[in-house]
Amino acid sequence: MLPIANDVRERREARGLSQSELGAAIGVTRQTVAAIERRLYSPSLEVAFRLARHFGCGIDDLFRWEGG
Amino acid sequence: MSFRQKIALTSIAALLLMYGWYFAEAWRAHEAGEVGVAASLGRAVLAVTGVAALQAIGATLVAIFSRQDRGPMDERERLLSARAQQGAYWVLLTGALAAAASGFLRLSALDVANVALLAVVLAELVRYGGYVLLHGVA
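Protein chains in written order, with our numbering: chain A, 9 to 76; chain B, 6 to 143.
No more than 20 Å apart at the CA atoms, straight line, and that leaves these computed lysine to any residue pairs for SDA-like:
| no. | chain 1 | residue 1 | chain 2 | residue 2 |
| --- | --- | --- | --- | --- |
| 1 | B | Lys11 | A | Ala42 |
| 2 | B | Lys11 | B | Glu80 |
| 3 | B | Lys11 | A | Ser28 |
| 4 | B | Lys11 | A | Arg38 |
| 5 | B | Lys11 | B | Val67 |
| 6 | B | Lys11 | B | Ala68 |
| 7 | B | Lys11 | B | Glu129 |
| 8 | B | Lys11 | B | Thr65 |
| 9 | B | Lys11 | B | Ala61 |
Selected chain A positions facing chain B (Cβ under 7 Å, derived; list incomplete):
| no. | residue |
| --- | --- |
| 10 | Gln39 |
| 11 | Thr40 |
| 12 | Ser52 |
Estimated spans, in silico, between C-beta atoms of each pair:
| no. | chain 1 | residue 1 | chain 2 | residue 2 | range |
| --- | --- | --- | --- | --- | --- |
| 13 | A | Arg17 | B | Leu51 | 44 to 54 Å |
| 14 | B | Gly76 | A | Leu53 | 20 to 30 Å |
| 15 | B | Ala143 | A | Ser26 | 13 to 23 Å |
| 16 | B | Arg83 | A | Asp69 | 24 to 34 Å |
Derived from the structure by calculation, the hints contain no laboratory data. Here a beta-carbon is modelled for each residue, glycine too, at the ideal position from N, C-alpha and C.
Isolated chain A, as found in the complex (with noise of 0.2 Å):
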């Protein structure tokens, strides 16, 4: 798992999206959306503001170190 955790399962299960909804909202598919939800891929920053600004929030409200 990787150091860097997020929120965009919560965030996205609230507005009633799915994975592939949400991905093709950013532009990414929905095996990317569900590797990110799983902390197993860390999206680019472009990527990453792409989420914040679909959840109207700022990165660091979705993304947050958690590593040593």
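Given chain A, put chain B in place with the hints provided.
Just chain B now, kept in the frame of chain A:
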């Protein structure tokens, strides 16, 4: 499973089927002492075109039955593809050195060509296989 994972799996099946047949025939000919270069070349051409045809058929079927994620690769898919290619590079490099070594060992030109072709096939299998497997861990 994503669209491109399915495409990669069809490519693996095509490679195993056609080159499995090709190398089985090459081994049989080698053991029988047959040195027909024209027949070997014909089998190689058949294997290459067979793989291309099977890949095209497989990709078409996957595109028909898989409606999601048919657009261009996203950043994670590009990363996974690059990692898989990195692994395949080492297989190809090792195979190229093995082909060169087999030349120095005075094997026939046909055997050297088969070693080089085997290296290409193994590298392709690692590339496609790596791409499929990396989806589960990254």
